[in-house]
Amino acid sequence: MMMTAQTGVRAPVSARGHQRVPVPEGVRSEHRFAALLCAPAVLVITVVAAYPIGYAIYLSFQRFDLRFSEQRSFVGLANYGAVLTSHYWWQALTVTLIITVVSVAIELVIGLALALAMNRTLVGRGLVRTVVLIPYSIITVVAAFSWQFAWTPNKGYLAALLPAGVAPLTDQVSAVAVIILAEVWKTTPFMALLLLAGLALVPDELLRAAQIDGAGPWKRLTTVILPLMKPAILVALLFRTLDAFRIFDSIYILTQGSNGTGSVSMLGYDNLFIVFNLGIGSTISVLIFMVVAIVAFVFVKLFGVAAPGAEADERRQR
Amino acid sequence: MHCGEASGWRVVAAAVGLLLVAATLTGCGSGDSGRVVLHSYSPVDGADQYAAAAAACSRASGGRYTIQMRTGRRSTDDQRLQLARRLVANDSDLDIMLLDVIWTAEFAQAGWILPYPADLARHVEQETLQGPYETGTYQGRLYAAPLNTNTQLLWYRTDLVPNPPRTWDEMIQMAEDLAARGLPHYIEVQGAQFEGLTVWFNTLVTTAGGSILSENGEVEVAHGDAARRAMEVMARVATSPAADPSLSVAKETDARLAMEAGLAAFQVNYPAVHASVNTPGPDGGGGTFIDPLGRPTIQDTGRRVRDVFGWTAYPSVMSGKPATVTVGGLNLGVSTTSQHPAEAFEAVQCLRNRENQLRNAIDAGMPPTLRELYDDPAFQREYPAWQAIRDSLAAASVRPKTPAYQNVSIVISDLLNPPAEINPDTMLGQLTDGIAEAVKSEGLVP
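For the protein sequence lines, the chains are A and B, in the order given.
Residues in the first sequence are numbered consecutively from 59, following the working numbering.
Residues in the second sequence are numbered consecutively from 163, following the working numbering.
Distance condition first, Cα-Cα at most 25 Å in a straight line; then the derived DMTMM-like pairs of lysine to aspartate or glutamate:
| # | chain 1 | residue 1 | chain 2 | residue 2 |
| --- | --- | --- | --- | --- |
| 1 | B | 483 | B | 387 |
| 2 | B | 413 | B | 331 |
| 3 | B | 413 | B | 240 |
| 4 | A | 213 | B | 462 |
| 5 | A | 277 | A | 263 |
| 6 | A | 288 | A | 271 |
| 7 | B | 413 | A | 307 |
| 8 | B | 483 | B | 338 |
| 9 | A | 359 | A | 301 |
| 10 | B | 413 | B | 525 |
| 11 | B | 413 | B | 239 |
| 12 | B | 602 | B | 380 |
| 13 | B | 602 | A | 128 |
| 14 | B | 413 | A | 229 |
| 15 | B | 483 | B | 296 |
| 16 | A | 213 | B | 453 |
| 17 | B | 602 | B | 377 |
| 18 | B | 413 | B | 394 |
| 19 | A | 213 | B | 338 |
| 20 | A | 277 | A | 262 |
| 21 | A | 213 | B | 469 |
Calculated directly from the structure, the hints in this document are not laboratory data.
Since we're looking at a predicted model, the values are computed, not measured.
Produce the entire structure from the sequences given, and follow the hints as far as they go.
Okay, here's the thing in structure tokens:
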């Protein structure tokens with residue numbers, strides 16, 4: 059089914075390339091009108107998104123430190139060399155990737171369980187969904203402060219559960235674990251909501267048919283529900299991966315990057331806003347942007363995540 | 163339809179016009195009566211006192227200027243970022259700045275603050291304590307006049323420690339003895355990865371006779387054995403049972419809270435802890451009850467932490483030579499974007515006059531910078547720790563003077579955190595290389 063849909067999309071494109079099918083005048087003016095309607099949105103996006111990105115790229119080729127502004131000059135790729143040969147960058151990238159992969163994986167499992175539970179809830183469905191969403195509605199900084207308090211020895215209720223003298227926020231491994239826990243606690247509801255929307259794609263009659271054919275709950279989950287939910291799962295994973303990769307506020311409050319827990323966003327912030335080195339800081343931002351773009355590309359091209367609205371297009375062309 | 167369009171445009175035009183008018187009104191530097199309005203941003207701590215000083219000076223100016231003191235950010239880094247943003251954007255509504263001592267070289271080098279006129283600079287030098295005065299100078303010129311100063315003392319529990327230690331070694335020994343007896347024993351010091359850790363290191367290095375940078379900004383940290391001795395002290399504190407388990411994330415506030423909760427025997431901290439510990443309940447800092455042995459208890463024993471709270475000079479690295487404690491505090495600078503520098507320099511002198519420094523000291527606990535105040539019996543009565551503070555300031559050391567101080571500080575605090583993992587043998591070379599790169603603000607900071 060997937061295959062036919064794809065060839066259905068490709069066929070007219072290649073045909074147009076070879077033969078130049080004449081486009082009727084009515085369609086052309088319709089296109090012009092559509093472009094005109096899009097223009098304001100495109101303009102706004104250019105101003106608020108494309109310009110800053112372009113300016114960051116421009117700055118990333120310069121030696122530009124606010125305190126030594128007389129030294130401002132173009133240095134080619136020197137900033138990229140400095141960042142990519144610095145162990146600070148690689149350490150931050152490793153920590154960020156670990157946080158991203160582990161937290162998104164845990165969120166997916168718990169989020170799926172929550173979504174299945176919410177889907178089945180018969181009584182108080184609205185209440186259950188609201189309760190599940192509470193962590194997501196709490197401001198990240200506030201949540202991070204409460205985690206910090208909870209894990210501080212002699213003060214927090216969670217630290218009190220640990221042997222005396224253990225301070226989990228003071229060691230790299232345990233601090234990263236605390237950061238991941240804070241992330242998971244906070245964003246699992248978001249994951250659950252996205253997956254719940256995906257569960258709506260699974261028709262009840264299909265599940266009942268599978269049940270009659272003798273499929274147990276696990277079999278139904280792995281062979282019916284998950285394959286049908288795949289588009290929703292991939293979209294949820296993409297959103298959360300991109301989000302988790304830019305993690306900043308939790309770490310900023312919990313450890314300030316102490317003990318090797320800084321993320322790439324922390325590194326960029328410190329270089330931009332603490333030492334005012336616009337060149338290096340912009341380079342880090344551009345590199346973060348590139349990593350995010352690669353992740354999005356991999357998701358879209360390799361796993362075939364559909365862009366919003368793409369399905370509607372396919373259906374129309376079929 | 164045509165008519166509707168036209169009226170729509172008229173509304174837009176009117177709105178734009180209103181916005182423009184509003185912008186001109188609020189952006190105007192002078193008030194209605196020709197009075198110059200001087201804009202300033204104070205930190206949150208002590209904001210009430212700074213506002214009171216601004217009001218008093220506005221009244222005393224005889225109608226020439228009004229100082230509008232706005233409250234800025236709580237954290238030093240955020241405050242600096244806010245000022246820098248305004249300066250880079252050429253904000254002409256920024257005249258007087260309250261500058262942390264560590265920003266002088268940076269703001270001067272960036273061309274953000276004006277040097278003081280020579281005669282005014284001489285006057286400031288005469289009436290100000292030497293250590294604090296030094297913090298306001300860069301390349302031989304005064305860029306920021308000291309408003310208040312800050313220096314760390316050793317605060318300790320008089321019931322647990324009858325004779326306060328004079329050196330770090332003595333203090334660690336005492337704390338370990340207390341730990342062995344099961345009594346409160348923590349040594350509280352700033353071990354988190356932040357500027358406070360650099361201050362700890364700078365104090366120890368200068369006390370041991372060394373320096374991080376020379377007067378000309380050359381890296382000197384590896385000269386002699388001062389840096390090695392400093393690192394040995396830090397590692398010893400951190401690995402001894404005397405250390406708070408949270409040492410590697412501990413800042414000044416954590417030290418104060420641990421002491422007020424009755425858990426610590428020692429803390430190295432600023433004089434504001436004295437005001438805090440004596441704040442009456444229920445938020446009162448030193449209200450924790452202690453049992454006859456000195457342990458914190460929830461029972462009303464009639465004895466509280468604040469009753470056994472003493473202070474003495476900062477511990478030294480070697481006996482017989484007092485510690486050279488790193489000076490802190492706030493200085494007053496005049497922005498290069500100011501349109502009224504003459505009035506601003508005049509207002510600065512008022513803001514740091516005797517009356518305003520006295521209020522700042524008594525109400526906010528910030529040590530003054532005027533020499534004469536320390537000899538004033540009225541001040542001495544109101545400010546019990548004055549003698550220890552003056553002695554500490556007399557021997558004070560200044561932080562490395564470089565526009566790239568933030569870079570240097572970040573490199574140092576990154577390398578020396580966590581303090582328990584300091585290895586003097588391998589880290590001296592890393593420190594030297596890292597600081598040399600940081601001074602030029604090249605490469606990344608962690």
